[in-house]
Amino acid sequence: MEYSKELIEDLEKKAQLLRKDVVVSMGVGVAGHIGGSNSSADIVSALYFHKMKHDPKNPRMEDRDRFLLSKGHVAILQYAALAECGYFPAEDLKHTKEIGFHLQGHPDVMKTPGIEAGTGSLGQGLSIGLGMALGLKLDHIDRKVYVLVGDGESAEGQIWEAAMAASAFKADNLVAIVDNNELQANGKITDRFNSYPLIPKWESFGWNVIEIDGHDMEAILAALDEADTVKGRPTVIIAHTVKGKGVSFAEHVVGFHNGMLTRETYAQALKELA
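For the sequence shown, position 53 (counting from the first letter as 1) is numbered 554 according to the numbering used here, and the numbering increases by one without interruption.
Hint data in this document are derived by calculation from the structure and do not stem from the laboratory.
Glycine included, every Cβ here is placed at the ideal spot set by N, Cα and C.
Careful, some of the hints might be misleading.
[What the hints assert, rightly or not] Simulated restraints, written as ranges between beta carbons of each label pair: (1) P698 <-> I642: 30 to 38 Å; (2) A768 <-> A669: 49 to 57 Å; (3) H753 <-> E712: 14 to 22 Å; (4) I642 <-> M665: 37 to 45 Å; (5) G756 <-> H641: 20 to 28 Å; (6) A669 <-> V529: 45 to 53 Å; (7) D717 <-> V529: 38 to 46 Å; (8) Y697 <-> D717: 16 to 24 Å; (9) K671 <-> G530: 48 to 56 Å; (10) A532 <-> K612: 19 to 27 Å; (11) N695 <-> H753: 12 to 20 Å.
Put together the whole structure using the sequences plus the hints.
Structure (structure tokens):
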């Protein structure tokens, strides 16, 4: 399928806006997950602003698509998308992590409109997403469940239990997206808990596998559309990304998996993302 230049440019601009909102959510002197948020921003932009059916005025609309952030520590990215879609005012982002506020460090389904499940204990999101996908099938609702998984998170055994179960149940309405930025909290994936190679692993579990550049908007849209054509098995998109994308001092830097911004670096990040 061909995508218009206007659509691609709009979604790319939205992704940059999400990265800017991530920086605003972090503020100065408070640790935040800018690395994995920025690496996933293009994917989240494509989902929320183009691919998914959802309604900010009716977050529990029955025939909506579902998005689950299995790597829940990058909640500030999802908050940015929800705010820009109109689930709550973008001004709220400045109060992220404040005690009692509805935007906490990990997604909370009880507090934040548009959140499908509480996540952050790594490895659980794909199982939850599979349950939702099978529930949609039982209810004869033809919608998709999208689950964003980290490559570091892929060391969790529950990810692979869910992968095996999804294949066994032929959950073709489930799409996993692996943010393959090659870094986890304490270093390179290959130096910590090497879960590579990902592609033959997912293929061996019976999944349809698509490999893309996770910052190529046209490739992202094409992969999401291809997943719609696959019947009888789930799809996983392996998206190669850059940790901290868009902020020069954070790109490929492990310390910004969960790092703090000074007044100077905060200003620099906003300038680079303007």
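Just tell me: holds or violated, for the beta carbon distance of H753 and E712 against 14 to 22 Å?
-> holds (20 Å)
Could you say whether the range 38 to 46 Å given as a hint is met by the Cβ separation of D717 and V529?
-> violated (33 Å)
G756 and H641, beta-carbon distance inside 20 to 28 Å?
-> violated (48 Å)
Take a look at whether the Cβ-Cβ distance between A669 and V529 falls inside 45 to 53 Å.
-> holds (48 Å)
Does the Cβ distance between P698 and I642 fall inside 30 to 38 Å?
-> This hint holds: roughly 35 Å between Cβ atoms.
When you take the CB atoms of N695 and H753, is the distance between them in 12 to 20 Å?
-> holds (18 Å)
Range hint 48 to 56 Å (beta carbons of K671 and G530) holds or violated | 49 Å Cβ-Cβ, so the 48 to 56 Å window holds.
Return holds or violated for the Cβ distance of Y697 and D717 against the range 16 to 24 Å.
-> 21 Å Cβ-Cβ, so the 16 to 24 Å window holds.
A532 paired with K612, Cβ distance criterion 19 to 27 Å = holds (20 Å)
A768 and A669, beta-carbon distance inside 49 to 57 Å?
-> Given about 51 Å between the Cβ atoms, the range holds.
For the pair I642 and M665, does the Cβ-Cβ distance stay inside 37 to 45 Å?
-> Given about 24 Å between the Cβ atoms, the range is violated.
Checked against the numbered hints given earlier, the structure breaks hints 4, 5, 7 and satisfies all the rest.
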